[in-house]
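Trainee: Dock chains B and C against chain A, hints included.
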Amino acid sequence: MQGTPQETALQTIRYGGDYNPEQWPEQTWLEDVRLMREAGVNLVSLGVFNWGILEPAPGEYDFSDLDRMIELLHENGIGVNLGTPTSSPPAWLRQSHPEIRLVDFDGRVMAGGSRHGVCPSSPAYTEACANIVERLAERYGDHPAVEMWHLHNEYGWANVECYCDTSAAAFRGWLAEKYVDIGQLNDAWGTAFWGLVYRSFDQVETPSAAPPGVNPALKLDWKRFSGDAHIANYLLQRDIIARYSKAPATTNFMIPNCEDMDYFRWAPVVDIVSNNHYLIAERPENHIELSMSADLTRSVAGGPWMVMEHSTSAVNWQPRNIAKTPGEMRRNSLAHLARGADGLMFFQWRASRAGAEKFHSAMLPHGGTDTQVWRDVVSLGGELKRLAPVVGSNVESDVAILWDWESWWALELEWRPSEDLRFRERVEAYYASLWKQHVTVDFAHPESDLSGYRLVVAPSSYLLSEAAGKNLRGYVENGGNLLVSYFSGIVDEHDGVHPGPHPGALRETLGLWTEEFHPLHQDEAPALDSGARGRIWSERVRLEGAESVAAFAGGPDAGHPAITRHRLGGGTAWYAATALDDATGLRSLLAEVLDASGVQRPAGVAESVELIRRGDHCFLINHGDQDTTVPDLRGTDALTGADYDGDVPVSAGEVVVVTITKE
Amino acid sequence: MQGTPQETALQTIRYGGDYNPEQWPEQTWLEDVRLMREAGVNLVSLGVFNWGILEPAPGEYDFSDLDRMIELLHENGIGVNLGTPTSSPPAWLRQSHPEIRLVDFDGRVMAGGSRHGVCPSSPAYTEACANIVERLAERYGDHPAVEMWHLHNEYGWANVECYCDTSAAAFRGWLAEKYVDIGQLNDAWGTAFWGLVYRSFDQVETPSAAPPGVNPALKLDWKRFSGDAHIANYLLQRDIIARYSKAPATTNFMIPNCEDMDYFRWAPVVDIVSNNHYLIAERPENHIELSMSADLTRSVAGGPWMVMEHSTSAVNWQPRNIAKTPGEMRRNSLAHLARGADGLMFFQWRASRAGAEKFHSAMLPHGGTDTQVWRDVVSLGGELKRLAPVVGSNVESDVAILWDWESWWALELEWRPSEDLRFRERVEAYYASLWKQHVTVDFAHPESDLSGYRLVVAPSSYLLSEAAGKNLRGYVENGGNLLVSYFSGIVDEHDGVHPGPHPGALRETLGLWTEEFHPLHQDEAPALDSGARGRIWSERVRLEGAESVAAFAGGPDAGHPAITRHRLGGGTAWYAATALDDATGLRSLLAEVLDASGVQRPAGVAESVELIRRGDHCFLINHGDQDTTVPDLRGTDALTGADYDGDVPVSAGEVVVVTITKE
Amino acid sequence: MQGTPQETALQTIRYGGDYNPEQWPEQTWLEDVRLMREAGVNLVSLGVFNWGILEPAPGEYDFSDLDRMIELLHENGIGVNLGTPTSSPPAWLRQSHPEIRLVDFDGRVMAGGSRHGVCPSSPAYTEACANIVERLAERYGDHPAVEMWHLHNEYGWANVECYCDTSAAAFRGWLAEKYVDIGQLNDAWGTAFWGLVYRSFDQVETPSAAPPGVNPALKLDWKRFSGDAHIANYLLQRDIIARYSKAPATTNFMIPNCEDMDYFRWAPVVDIVSNNHYLIAERPENHIELSMSADLTRSVAGGPWMVMEHSTSAVNWQPRNIAKTPGEMRRNSLAHLARGADGLMFFQWRASRAGAEKFHSAMLPHGGTDTQVWRDVVSLGGELKRLAPVVGSNVESDVAILWDWESWWALELEWRPSEDLRFRERVEAYYASLWKQHVTVDFAHPESDLSGYRLVVAPSSYLLSEAAGKNLRGYVENGGNLLVSYFSGIVDEHDGVHPGPHPGALRETLGLWTEEFHPLHQDEAPALDSGARGRIWSERVRLEGAESVAAFAGGPDAGHPAITRHRLGGGTAWYAATALDDATGLRSLLAEVLDASGVQRPAGVAESVELIRRGDHCFLINHGDQDTTVPDLRGTDALTGADYDGDVPVSAGEVVVVTITKE
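Protein chains in written order, with this note's numbering: chain A, 1 to 663; chain B, 664 to 1326; chain C, 1327 to 1989.
Just so you know, these hints were derived from the structure itself, not from any lab.
Incorrect hints may have been included.
Dumping the calculated EDC-like pairs for lysine to aspartate or glutamate here, alpha-carbon to alpha-carbon at most 20 Å [unchecked claim]:
1. C:K1545 to C:E1740
2. A:K219 to A:D104
3. A:K178 to A:D228
4. A:K219 to C:E1819
5. B:K882 to B:D828
6. C:K1504 to C:E1819
7. A:K436 to A:D228
8. B:K882 to A:E357
9. C:K1545 to B:D828
These numbers were taken from a predicted model, which means no experiment stands behind them.
Pulled out of the complex, with its shape left as it was, chain A reads as follows (with noise of 0.2 Å):
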């Protein structure tokens, strides 16, 4: 949540999920009413992709469904999160004005029949945009049903990218404002490369197809532009809803399952950070993944958030949508809230039957209330209203990895030295390891405030700015500890090789430099004379302060350091050179380097026991197959009332949730 002042604080977990009541006939509504009640949700999203319901035709509009339904909540007690319809246009736009549809990367126009689609820089679509907005503004501005405002649906899904003329031009004007001068363009994007000079902004194209590969620097503020487009109409329906309403406005994210969005530009134009997450089904251990997610939107959020969108069971749109087990989706949902999510919110509320999401499950799915689903909804129902005393409170961290979109979308753009260089390979590997030592983290941004943390990781930070490597520098002289891997450090914001040697922005922090790149291949894997074993990577590393903490055992680089470690004013900067995992020496380095900067795990608790302290509580999520206990807690159960002096029990998939009395 941001300190803005139309902010409504959540008082309760908010709980509930998307309801579109047009799908059904009005006696389902009671229904769906009473049942919502028996399920304790008090909050529905509602008319998320109505627009072609309350505007059926241009200027005709059809507000009585949508009254009705908001009536018959509010007398029910639920409260409305009430959509903006704008990402599913209606059809009669896309006829009256063709040039609305957007034109992906192959150029082709999309059709309809489907939600997006829409270029997002097209004046006809912001125009009917702002007017459908500003009709649901004035009509329910000030209904006291309406909490929250949830604009538009899943910003730069399905359609980041434009590649029309009037997103063309768009991006010439974005490049000028943000340039002043083409001579400015030209020197930061390198053009003098290939002789890709330009003479006026007039000149640049956007970057569909044109092989071989395209200057990088363009494709970077390409995707920065894209973003900033889709921000542009947040903030326009925003800014309409301001004038008539009081309640707090939110879209909601897609993190980290949504590349395409700088989220850290995205967090301070709204009031109530929301995200949607859904699991990588087929994944093993995809409940790390999920705290991740949740970790990471706190860390964007700058403190609680809700869960916009989560399922109560299996999703539609993977190869194999395989269901939750037993116990899973209550683990999910207390994780999230674990790790600061204050709201609880599923799509959807009701399956659907017809469309192309009538297989994604929901809070009341097709087999009806007798159902282990529908068992499931209100029993967690019934626990969210004992657990509402976490609502507002913090999780707090010794630990930061480093984040930046920017980074990301330019480790992966084209011609890298490996296509193994993934950006989400490394942090992720990094993340797992450390939440099987029970450490909980941040997500920081490269140029942010570094100093609150003990240790600060960098796995994949191929792009760092002179501001984010003198940061850093700050950071480690000022006392700080700091874990970096390869490749990191290396261009900055316009994908310019820093000067000298690799890695230019880190270079006297990590005090070494890089002769050469020794990409492996495919299945190499060198050992380290640690014991450790790497992947991936290899590089020459010359030693200019560092000490070498191992040395490459094989590969290209045997005898060479593998793992250094630099003493610099009052803190220490270590490098990893080659890709670790877990468990091939990924756990006892990170060991060493959270002992050597002191930070704190809880001793005696299983692997697979997620422990998060959120405030005065203490969550105790058991993802494995085996009964345990947890040492050394105090306490009573926020949900059985129990009390533990010391061992706490964890059943097998069980979760608990102790309301710390004595640390």
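Mentor: For chains B and C alone, kept in the frame of chain A given last:
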């Protein structure tokens, strides 16, 4: 064959192939006709692709070669199956009417230099088709050599769907005719989902690229429309020809390897059902797929039919065009005959020297007459004369498998619970297991009269209309036996989930409902307590009248029913909630169900022997590499005249046809 | 080198690389020139991509930087290889003439921000090329530093084929010139197949997407036309420059990794053949592919040539850009030298900080001069001075492998008998086996004079014109030895099957014909009775003069010939009807054929040692990890001055060059 008045009964087995005299000098024609007679050829398909030769410029005609060729064949007692050349429009038509070019899903305009590539809804193309067909019909309509008309070629191959503006308008017209009122369309398509409602038919777009998921009901009607566009072209041609000729008309189907044509809609409009079938060369046991093709073609035809194209050996368009092994061509041809074919035609008579298909095998290969292929062609021609008595007789079966192209389409639209849900995967699993148990099957549409069958199998009947559901219920209540596999009866004809729990259309018939689907991981294979092993699918079955025959012993539904049986009225409905294969439990399940249904199977016959009864002929085809004996047959060898009184020896790779004289 | 009058003989080994001073401040220029001298650089490629800098707006020029740079190099005794910048047209040209943008197979219009992406047939582009080339030629044509002209860059990379309307018109013009009469085209292309006949040239379309299979003869002529469009651009530039300059002109070929340019057509139009070669980094034994590249380039050139680009270490555009191992750069460079290169140039001099290729290695890496790469560059420069005596001398060979780009194209068009039929697969199998037996080979066009060779190998000569067939027959009859692999001599220059049985162009020469092709299953590997083992292919060989040397012992042709030998006139023609590899029978077959052909090989040389004789120099390159000795050489070490009289030691990874003083 359909019982239409103009039908010419096939009184001999038609034998021959496509012939393209325009590719050869006239002296080769004489050699060809001599060799045709040597091979016993009695029907030749002429003119399938010669539009550019017959009409070299608009309104300019040259029938001289075709005149001479028809005379030459006629003089030699060989019939003509006269093609209309509309599947390969001439270059001048593309040049003068560039708007006829087909536009594909990605918006690409198809180039020339190939066949197809034309919009089936194009007025200019349609007009040009009508003209050339009328010219052919008036010239050759009463020629005594013309025994059959071969309209177009392979409707629906490589140009099934056209996304051009003309097609879009035609689609809207088709929808307006079907739904009359746009409200009906909105209801049928469930457009309330994502607010995709239409105000008028002219707002509907073709479902070209539009991520994410497009309304599945739109896609389903698009596939129906696209098929109808081709049927309309056929009907245009058929009606013109009928004004000049009494010879029956056909077009070559591609069963089952063309997914896009609903041949249940096509069969009533042709006078004779004819089919192209090519082996999937690299597939093990591909002769079973051939059998399935023949059974399905017969079922679609409702009686005897003909093979319009198969190959003497390799084709040219598969990744590895494996040639046929010794005897394989004969086994293939006679298997078609056994399963109801009254004609056995090849593509093509003489191997081409140029063009895209020059490496396709032919009756007369590049190597000439001193080749095994040629000797086999001559030998087969001789045998077919002796087998003429089978013409017109029927294949009868106690077992039907449900088949529905619309269900196939619907099941494989976007966003199903698992990508492993594939229509043919399940149908082929059940078909193969029945084949190996020597059960000859019919295929039946779910809404057709099933009362003649002892057992009906529904391997993957995802889409079942309410009428189909009632039909199946009535079938069981009236004493039928029904075996249903998972994910059947889920949606109606608009891909809308039937109200209530799954499987809506079959819930009462099966005596159960499904609480939740549990798609399995890729390599997950839970055991059943019967010793069987499932794949792909599991689900939580809730009994509601049915009894459990076998339960899951592992996986997400361990301890819950996997196979059930429901006594209903005079019949029984079985359900299999997971994917069994012949070796992992399907064979024994089918054996149990066949026994319970009173379906007789021949005893003592080796698994590799295909045994089919057609009229009073029994075909024995040994696909194995061991000689064997089939017991308990009494009759005369239709090829050698030998008498059998009990055991009939069938050598490895051989075919024996017994005229049964005593049951 | 071609024997043209304007040729400047290379009297020293040219050493240097691409240099782009526009990417650096002027103070860096001075450092660069100092370091160039330290490294022994004597030639620098300038201005390859600087059009946008030289001509910042239409008709506005700025040669000041280039003037200064040329003077600076000249003052330092370094020659200039002056580029024409036409491969990277400036943004203003794309803006003012949007019609120059290349349209790809899928109809996508190529964007800017990259190089290439332009229609080679575009009049506006052509005119702008001519203008900037003329400006350069008049300004620098008689400058003494300009020793060579580097026209364009990598013709045919990333924009080989353009499908725009301008290209379509140019293609039709090219066809009209080639065939004169449309009837000739119809005959040549076999358009009777599928009725694809044309009435006039303006009915021909470019072969963009048009499923199913497009006429292969159309595709083949399209590839010829597309190559010629690039040659036309080269000739335009060459002729302009020749009016101002006597320095030789070249353009950098990409042998053998550019499939699309027929370098047999290119070689006669350049004054010096130059080539770019980059290792396929992840391929085992990729030094053999380098040898093949060098031998093919020498054969195309008809004598000495130069390397225009290779790399000091890793490139940036492969999936994993593996760096070179210690000594590998030197082995690579000297292998090129050994096989006929008179110049060894790198891309590029100094590693770029920005743009698409900043992770490409360079002579001067990001790490600067305290690096192994730099030390190796300096050391190699020194050695090349000592090796200057090899300049101009020749490599001679007793063995030729047939090579024909048109046959490569034809073989890999759609719809061949097996997708495993790949041109390079077979050529490389034969080449590698000969390499390991220390046989240096030439490559030869099938219609060229072969009389100088003891043995000619035709590993995959699918397309052989009638003239080529006669040429090979004459070669054998006159005493030559020919070894042919399967699927050779099948089609003529229009991809038309030669009349009669396969292999039409070789039937009489080989003394056999093929009854049927039997492509093998993916993992099928039938044994031969010789103990060899085949892959990919089998066929039914019918002897007609030849004798069987080995027969298939398994597979579809068990008992029939697999290897045959035919005595014809004074020579012998061998045939291998399946794919043998070095270890599975090819080595012993080649040994037998080499012996029978009287081809000498050095005895007692380790397999890992590359031994090549160029003039009176013998190069010994040890690619293995064991020290070894090469016997029987007498002479002086060209690098160290040591004397050898018999055994020459060659350490692991080392290169020894012996000036032979006594044979």
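Trainee: Against this structure, judge whether each hint is valid.
Mentor: Hints and how they fare:
no. : hint               : verdict
1   : C:K1545 to C:E1740 : 10 Å, holds
2   : A:K219 to A:D104   : 15 Å, holds
3   : A:K178 to A:D228   : 12 Å, holds
4   : A:K219 to C:E1819  : 44 Å, violated
5   : B:K882 to B:D828   : 17 Å, holds
6   : C:K1504 to C:E1819 : 13 Å, holds
7   : A:K436 to A:D228   : 37 Å, violated
8   : B:K882 to A:E357   : 14 Å, holds
9   : C:K1545 to B:D828  : 29 Å, violated
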